[in-house]
Amino acid sequence: MTLFAWLSSILVAVIVLTVTAFGLWWERKLAGRMQSRLGPTIVGPIGLFQPIADLLKLVQKEPIIPQRADRALFWLAPPLTTLFALLVAALVPFGPKLAPANIDVGVPLIIALGGLALIPVWMAGWASHNKYALLGAMRAVAQSVSYGVPLVLTALVPVILAGSMNLNSIVAWQHRHHWLVVWPVFLGLPAFILFILAMLAEANRIPFDIPEAESELVAGVSTEYTGMHFGFIYLAEYVHTLVGSAVASTLFLGGWDGPFGPSVLWMVLKTCLLFSVLYWLRWSLVRLRADQLMALAWKWLVPAGLALVLLAAVWTQTPWGR
Amino acid sequence: MGYLLDGLKSMWTTALNAIRPPFTQEFPKVLRPHPERYHTSFALLHDETGDEACTGCGACARICPSQVITVKLGKRESAITQKKRGYADDFTLDLTACLVCELCVQVCPTDAIVMLKVPELPGFRREDLVLSMPRLYENEKSKPLGWSNATKLMAMQDPKAGAAKPEPSKETAPAPAAAGAAS
Amino acid sequence: MSGWTGLFVFLVVSVVMIGGLLAAAWMLRVKARRDSPLKRHAYECGEEPDGPAWIRFHPRYYVVALFFVLFDVEAAFFFPWAIRERALGWAGLGSIVVFTGVLLVGWAYALRKGALKWQ
Amino acid sequence: MEATPAWRKLPYRRLELYEPEGDLMTLQLGPQHPSTHGVLRIKLHLDGERIVKAVPFPGYLHRAVEKLCEQLTYVQIAPIVDKNDYVAPMTSEQAIILAIEKLLKVEVPRRARWLRSALAELQRVASHLLWLGTMTLDLGGALGGGGSVFVYTMRERELVLDLFEGLTGSRFHYNTHTVGGNRHDVPAGWAKDMHAALDLIEKRIPEYETLTQNNRLFVERMRGIGVLEPELALELGVTGPNLRASGVDHDLRRDAPFHAYDEVATNVITAKAGDCLARTQVRVAEMKESVRLARAFIDGLPEGPLVSGKPIKLPGQFKVNSGQVYAALESARGELGTFLVAGAGTSPYRLKIRPPSYHAISALPYLLPGHTVSDTVAILGSLDPIMGEVDR
Numbered sequence: 001m002t003l004f005a006w007l008s009s010i011l012v013a014v015i016v017l018t019v020t021a022f023g024l025w026w027e028r029k030l031a032g033r034m035q036s037r038l039g040p041t042i043v044g045p046i047g048l049f050q051p052i053a054d055l056l057k058l059v060q061k062e063p064i065i066p067q068r069a070d071r072a073l074f075w076l077a078p079p080l081t082t083l084f085a086l087l088v089a090a091l092v093p094f095g096p097k098l099a100p101a102n103i104d105v106g107v108p109l110i111i112a113l114g115g116l117a118l119i120p121v122w123m124a125g126w127a128s129h130n131k132y133a134l135l136g137a138m139r140a141v142a143q144s145v146s147y148g149v150p151l152v153l154t155a156l157v158p159v160i161l162a163g164s165m166n167l168n169s170i171v172a173w174q175h176r177h178h179w180l181v182v183w184p185v186f187l188g189l190p191a192f193i194l195f196i197l198a199m200l201a202e203a204n205r206i207p208f209d210i211p212e213a214e215s216e217l218v219a220g221v222s223t224e225y226t227g228m229h230f231g232f233i234y235l236a237e238y239v240h241t242l243v244g245s246a247v248a249s250t251l252f253l254g255g256w257d258g259p260f261g262p263s264v265l266w267m268v269l270k271t272c273l274l275f276s277v278l279y280w281l282r283w284s285l286v287r288l289r290a291d292q293l294m295a296l297a298w299k300w301l302v303p304a305g306l307a308l309v310l311l312a313a314v315w316t317q318t319p320w321g322r
Numbered sequence: 001m002g003y004l005l006d007g008l009k010s011m012w013t014t015a016l017n018a019i020r021p022p023f024t025q026e027f028p029k030v031l032r033p034h035p036e037r038y039h040t041s042f043a044l045l046h047d048e049t050g051d052e053a054c055t056g057c058g059a060c061a062r063i064c065p066s067q068v069i070t071v072k073l074g075k076r077e078s079a080i081t082q083k084k085r086g087y088a089d090d091f092t093l094d095l096t097a098c099l100v101c102e103l104c105v106q107v108c109p110t111d112a113i114v115m116l117k118v119p120e121l122p123g124f125r126r127e128d129l130v131l132s133m134p135r136l137y138e139n140e141k142s143k144p145l146g147w148s149n150a151t152k153l154m155a156m157q158d159p160k161a162g163a164a165k166p167e168p169s170k171e172t173a174p175a176p177a178a179a180g181a182a183s
Numbered sequence: 001m002s003g004w005t006g007l008f009v010f011l012v013v014s015v016v017m018i019g020g021l022l023a024a025a026w027m028l029r030v031k032a033r034r035d036s037p038l039k040r041h042a043y044e045c046g047e048e049p050d051g052p053a054w055i056r057f058h059p060r061y062y063v064v065a066l067f068f069v070l071f072d073v074e075a076a077f078f079f080p081w082a083i084r085e086r087a088l089g090w091a092g093l094g095s096i097v098v099f100t101g102v103l104l105v106g107w108a109y110a111l112r113k114g115a116l117k118w119q
Numbered sequence: 001m002e003a004t005p006a007w008r009k010l011p012y013r014r015l016e017l018y019e020p021e022g023d024l025m026t027l028q029l030g031p032q033h034p035s036t037h038g039v040l041r042i043k044l045h046l047d048g049e050r051i052v053k054a055v056p057f058p059g060y061l062h063r064a065v066e067k068l069c070e071q072l073t074y075v076q077i078a079p080i081v082d083k084n085d086y087v088a089p090m091t092s093e094q095a096i097i098l099a100i101e102k103l104l105k106v107e108v109p110r111r112a113r114w115l116r117s118a119l120a121e122l123q124r125v126a127s128h129l130l131w132l133g134t135m136t137l138d139l140g141g142a143l144g145g146g147g148s149v150f151v152y153t154m155r156e157r158e159l160v161l162d163l164f165e166g167l168t169g170s171r172f173h174y175n176t177h178t179v180g181g182n183r184h185d186v187p188a189g190w191a192k193d194m195h196a197a198l199d200l201i202e203k204r205i206p207e208y209e210t211l212t213q214n215n216r217l218f219v220e221r222m223r224g225i226g227v228l229e230p231e232l233a234l235e236l237g238v239t240g241p242n243l244r245a246s247g248v249d250h251d252l253r254r255d256a257p258f259h260a261y262d263e264v265a266t267n268v269i270t271a272k273a274g275d276c277l278a279r280t281q282v283r284v285a286e287m288k289e290s291v292r293l294a295r296a297f298i299d300g301l302p303e304g305p306l307v308s309g310k311p312i313k314l315p316g317q318f319k320v321n322s323g324q325v326y327a328a329l330e331s332a333r334g335e336l337g338t339f340l341v342a343g344a345g346t347s348p349y350r351l352k353i354r355p356p357s358y359h360a361i362s363a364l365p366y367l368l369p370g371h372t373v374s375d376t377v378a379i380l381g382s383l384d385p386i387m388g389e390v391d392r
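Note that the protein sequences, when read in sequence, are chains A, B, C and D. For the first sequence, counting from 1, position 233 maps to 233 in the working numbering; every step adds exactly one. For the second sequence, counting from 1, position 136 maps to 136 in the working numbering; every step adds exactly one. For the third sequence, counting from 1, position 1 maps to 1 in the working numbering; every step adds exactly one. For the fourth sequence, counting from 1, position 184 maps to 184 in the working numbering; every step adds exactly one.
Keep in mind that the hints were calculated from the coordinates and are not lab data. Mixed in with the good hints there might be a few duds.
Claimed, not checked - Pairs of lysine-lysine, DSSO-like flavour, derived with a Cα cap of 27 Å:
1. D:83 to D:313
2. D:313 to B:72
3. B:141 to B:72
4. B:117 to B:141
5. D:83 to B:117
6. B:117 to D:319
7. C:31 to A:299
8. B:152 to D:67
9. D:83 to D:272
10. B:143 to B:117
11. D:105 to B:160
12. D:83 to D:102
13. B:152 to D:43
14. B:160 to D:319
15. A:57 to B:29
16. B:160 to D:313
17. D:83 to B:160
18. B:143 to B:72
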């Protein structure tokens, strides 16, 4: 059992990191095409090894700690962001058996870990002793706190429908109830959209990347970081989005459930597809202002999330939802 | 709702652009086609007898707005026609500060200085972009020359040229009239 | 039980991976021959930083924080209800509607008072 | 944004009189900042994220161009002023040449005037395209939707630069204007290329509108932000699209025609609101109008000589001993004027450029207070300052 835990942990970590690395390449290639550019072409065939070259470059850079920074916090924050982002992957079932941590309180734990990822961001912003980083960290805290609520509420919808907080059970329930037929009728689609929006805001991705808004705050939280520490913040954002897409496809898109073939493949396919759509969204929209983002969360997403939760509850009481 | 709709419209627009061919090129591998009038670096020419066309008059040095040209006038006997005439003993053009304004080409009385169609290669030292006289004469032989010289530019700006030539083609600019205007 | 072991194992794997990257960065890093105080200045667009960054900051978000606490507690109540939802039936649904209703009244009051406006 | 705070009217008020809710923070925005359009430095005094006071510091790009021009002869000035407004070099060349021709009382042939007008309109299209891209870049980030719009507008701007390159051989240092006319005649097939390029640009403009001013996300960021009142704009000398967006119907192309604008009527586009959104709308509409004008000018290009006097052959070809003139044209950013005092002989005694961007950024201390840091980039971007022109 322990051996299996080790093996599946390593496998999932490798899957996540590989998909992230090639996700980086894929995003740049896709963005290039959307912008009438070529994207990376030099390193490897069609630029495929670009992420590896980036990693090698970052690893070689000189780490610089600003004069008046809080050295320990400054040093610790970026690895922690990556760690927390990566930990969520343990809870996502990549197959009926391939889940390192098949926990009964999976959904709340995922949300808790997502909220935990906020703390190193704030640490990084405060420890830098830089005004841009401080502004960015302030925004990051407010934004993640605001979007935590709709995230919880929309994640409740599949929990109510499946009657379980275990992600594997949720997938199994979707498998039993033919998610493709039942799901979109009236609950799944809005809940899915709201979840994606809240997840993007939690992961600080464009169009919700206000903490990093590089046209205003230079680079926000990561302004003072160099080398691999910058790389960790960068990586954390990607891993966060990737794992977020994995969670979303588990909760709403049937997870590893597919008509044929190995289940891991279906999970990776769904995750990558969702990931690409998020890229597409990212390269199409301009960002909102911090206060508008808060207003969006509190005025629209929270009541909408509540309404969806109640509707889901009503649906389960009807003869079709039992 | 409207936000979602507008977001979808934006995404449609970017998708539309994704299927258009890319407009960037891989620079060192693929070179952009240059138009006929493209001009960058310089060359000094020889005249039809094979003698150096530059008479060392220094008109280009005087007109240059950023004063990157230095010419040293020397008088000696021509090796070909055995006549005593002016030569440039030394001619240096500092490309680092050149504005590529084409004025030196326009004022040359003997069409000696022209521009090239290919840029100089970048170098690691400042001297790499200082064109000495041997390099300028070398450019004449080794690199494609640009379209313009003083005669052609003058023909284009001839105040007496009128309705006679509707869209004049530059390559066939009438030389005699231009020579008159240039003198 | 095994789930938590798995989570722990994954934690160990992640820490090892990140530690490996950190170690690689430490070993391969370029070291400047001479340290310069200018390099260690906080970045402020090339200007000398004017005043400290560690200040009393008024982000106008404290209302947001209060709201978050409010709604998070509510979410904590939602979860146990959610998994027993079918068993509790219409009675459970009715009580949760009342609970949400009270919350929403408070939300509407705050909205009308302008607490959610960026002042 | 809610109602404008009353203290916004006093941009340089004393900070001691303000009661902050936290500590006041001083933030230097620029000179090395991604979205200050060059090297403008703005010193922001922040209360939280709210701007209390903003002081712009231009001058980081000062190159002493005016002094340099006083060392050069009249024929040498044209090539070096291209770099003033480095987004629209064609019009910054024309502005100087207009003044020199007025001082020397040189007549410009009709063909040259029409060609100049066509070039000015093309340059306006190129400049507005770049502005739209960079402003969306400020709003949406280089790594987001803004980046996409930026690359699209750059792609279409390339078409205009290709046209200029076909005409003059250069993409930036055109030096196509000379005292008394134009140096380069239109090559064969150029008009056809131009029509093709303009057709493409006209077809693509609705796409940018979808991504920017017709997109509610974009509009939310822009509406009601940085309202420039017409009285304030007139007082500060703001011209061009910034002034027209405030509702003042003023355009030198119609009110004081230069080149050939007295022969082709210009529709002046105005908007009422005076906010960032209005400035966007005015510029995008102007782009369409410029496409129409450029077509009209190139289609109606008259025959005849291109230069009135003798072409340039000597540096000291033009001499004048006294006189002073002011000549202005409507560049992409507004009234670009040149004040020229003749020295004895072949060089000017004093040359003063009136850059529209300088007056535009002088509105910043009035516009910024009361907004947040995020709005700074929207306001700055929508004013379209070019620092090469501000600092000269």
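Exercise. Does residue 83 of chain D pair with residue 160 of chain B here, judged by a C-alpha cut-off of 27 Å?
Worked result: violated (32 Å)
Problem set entry | 27 Å limit on alpha-carbon distance, applied to hinted pair residue 152 of chain B and residue 67 of chain D | Violated, at about 33 Å.
Exercise. Are the Cα positions of residue 143 of chain B and residue 72 of chain B separated by 27 Å at most?
Worked result: It holds: about 25 Å lies between the C-alpha atoms, which stays within 27 Å.
Problem set entry | Hint consistency between residue 105 of chain D and residue 160 of chain B [alpha-carbon to alpha-carbon, up to 27 Å] | Since the Cα atoms of residue 105 of chain D and residue 160 of chain B sit roughly 19 Å apart, the hinted pair holds (cutoff 27 Å).
Exercise. Between residue 160 of chain B and residue 313 of chain D, does the CA-CA distance stay at or below 27 Å?
Worked result: Holds, at about 16 Å.
Problem set entry | Given pair status - residue 117 of chain B, residue 83 of chain D, alpha carbons within 27 Å | Holds: residue 83 of chain D and residue 117 of chain B sit about 23 Å apart, inside 27 Å.
Problem set entry | Restraint check for residue 31 of chain C with residue 299 of chain A, where alpha carbons must lie at most 27 Å apart | Distance ~51 Å between residue 31 of chain C and residue 299 of chain A Cα, so the pair is violated.
Exercise. Between residue 83 of chain D and residue 102 of chain D, does the CA-CA distance stay at or below 27 Å?
Worked result: OK: residue 83 of chain D and residue 102 of chain D at ~22 Å, within 27 Å.
Exercise. Would the pair residue 57 of chain A and residue 29 of chain B pass a check requiring their Cα atoms to be no farther apart than 27 Å?
Worked result: holds (24 Å)
For this session: Could you grab the alpha-carbon distance between residue 141 of chain B and residue 72 of chain B and see if it respects the 27 Å cut-off?
Result: holds (23 Å)
Exercise. Is the Cα-Cα distance between residue 143 of chain B and residue 117 of chain B 27 Å or less?
Worked result: holds (8 Å)
Exercise. Within 27 Å, alpha carbon to alpha carbon, are residue 313 of chain D and residue 72 of chain B?
Worked result: Satisfied, since the Cα-Cα distance of roughly 20 Å is no more than 27 Å.
This entry does not satisfy hints 6, 7, 8, 9, 13, 17, going by the numbered hints stated previously.
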